[in-house]
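One-letter residues, chain by chain:
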Amino acid sequence: MLLAAGVSVRGPAHADNGECNQDALGLWGWRQGQLAAVSDGLGSRPLSHLGSRLACQAVRQVLRPAASWDDPKAMVGQLYRHWLQSLPVAPSRAPCTLLLAACRPDGDTLVAQLGDGVLAYRAGGRFGVLAPARSGFSNQTEALGISRSWDSWHVARLRLSAPADALVLMTDGLSDDLEPHRTDDFLRMLRRECAARSRRRARTWLRRQLEAWPTPGHADDKTIAVIYRR
Amino acid sequence: MGFAKYAEDDLSRYHAATVIRDREHERLKTGTGAGHHQPGKGTSSMQEPAAKQRMKDFTIAKPRPLPVIVLADASGSMSENGKIEALNHALADMVKTFASEARVRAEIQVGLITFGGSQAELFVPLAPAHQIHSMAAIPAAGATPLGQALALATRLLEDHDRIPSRAYRPVLVLVSDGLPTDEWEPALAALEKSERASKATRMAMAIGDDADEQVLSRFANDREAPVFRAHQARDIHRFFRAVTMSVAERTVSANPDLPAGLVLGAAPDDEALDLDF
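Here the protein sequences come in this chain order: A and B. Read in order, the letters of the first sequence correspond to residues 1 to 230 in this note's numbering. Read in order, the letters of the second sequence correspond to residues 1001 to 1277 in this note's numbering.
These are calculated hints, taken from the structure and not from any lab test. For each residue, glycine too, the CB sits at the ideal point set by N, CA and C. Any given hint could be a false lead.
Stated by the list, open to error - Computed footprint of chain B on chain A; a stretch qualifies when at least three of its residues, placed anywhere within it, have a C-beta under 8 Å from a C-beta of chain B:
1. 56-68
2. 101-109
3. 129-136
4. 165-178
With the sequences and hints as input, model every part of the structure.
Put into C-alpha cells, the structure is as follows:
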C-alpha cells in the first residue's frame, strides 16, 4: 500500500520579516496511488510564492487526468504551459523550482525535477538521487519562469515495488542542511518513522522535525513530501 | 462472564501492558479500576514506538558559510603615504566586526590573497571570522602580479572542499593602487568563464590617482557597487566599513544571496588617518 505524508514550514527569516512561506506543497491521493509536488519560490523575486503554489496546482491539473506517461517530455511541456497560463503576472516575477512524483498503486512512478532541491528514492531496493549535486552556490538555480530548456529537467521512471521502497522530495532549505553522503540513511529513517505512524501523525512528526531544525542560523523555508510503502 | 471475572481480566490486561499510564496505575493501586476501563483510550501510545532517530541526526551542525575573499595589492607603491597601514587597519577592523556580529544567519568566512613582489599568495587562508584572532600586517614591496591573484582566487572558489555548494554566494573584494605588472586579462577571463568563481559578487576599490580604474571596472560586477575611489586613508576605512555592512546586511536578510550594495558612511573623524594619496 502506497502512502504519503508531507509538510511545509515557513523559514525563520520570512517569519521574522512577516513574509509568507515561499515554498509550496501538493499531496494528493490519486487512483489508489499518490501524487506529490514540492516547489520553492525564488526569494529574490516578489511573487515567487504565487509561482510555487500555482506550480503545485499545475501538477495536479495536468497529471491527474493524464492516461499515460509514455511521453514525459510532452507532459512536462504541458505542465509548463499550464503554469504559464495560470500565472497572473510575468513568469520572471514568480519563478520557482519544481519536484514532482506520480505513483500508481502498482508502484509505477514518474519523477521529475527542475532546479534545486533533492528527490531521492529507493526503488526495487536500490537507492538513487534524481539530479546531480549542485555545482555552484546556494539559490542559484534553474526554475520555472527562467529555464525554458528540456535539458534543464531531470526525469525518470521508477517502480516502488519492494516493501521498504520510498521516495522523498525536499526543497533546498532542507536538503542543503543534510549530510550529503547520508541521504540513503535519511530516506530509510523517514520511511520507517512515517510507516510506524498514521498519516496524520506522520505529518505531525514531520512538522515537529522541521520546526525544531537544528542547523545554526538556518533561514530558509522547508518543504518535504515522502511517499512510502507500508 | 460475571462482573468479578471481567474485573480480574481487566486488571491482568493492564499488568501485561508494556506502557501503563499514571491514571491507570492509580486505579490499580487503589483497586478502583474494575469496571472503569475506557476502551481505546490507552492504545495510541502503545501503537506508536518511541522514535529512535530524528532528522537532526542527519543535519549539518554548522551554519551556511558566506565567504569574503579580499585581493589586496601589496606592491611597493602601497607602502607610500600610509596606504598599506590604512589597509591593514581596515582589514583587521572588518574581521573583528564580522566576528562580533551576532545577528547573522551565516558563518562569515574571510580569506586574504595578497599580490606584491613576484607572486600572489594566500596570506590568510579562508576561515570563519570568529576564528581569526589576529591578522599579520601585510608587507608591501615589489611589483603588482594581479593576474596571479585572480588565478589563485579562481582556484579557491572552484574548490568544493573549501567552499561547499551550500555556501552563500561569495564576495570578492579587489583593492589596488597601481597598474598590474603581469598578464591579468587571461586570468580575469578564466575567472569570468569558470563555473563557480564567475558567480561571486565582485567589488573593487581604487586607491589614489595611479590606480588603473579600467582594470578595476572590468573586475567589478556588482551594479549596486561601482568602483570606489579612495583618495585618503580614511576612504579605505569607509570602503571596508561599507563592505562589512553590506555583507552583514546580507546575512540577516531573507535572501542572503542578493547583493546588498555599498552604503558609504561618513568618513571616520580621525586626524591620524587624514593622509592624501
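### Task
Please write out, lowest number first, the hints stated earlier that are contradicted by the structure.
Of the numbered hints given earlier, those the structure breaks are 1 and 2, listed in rising order.
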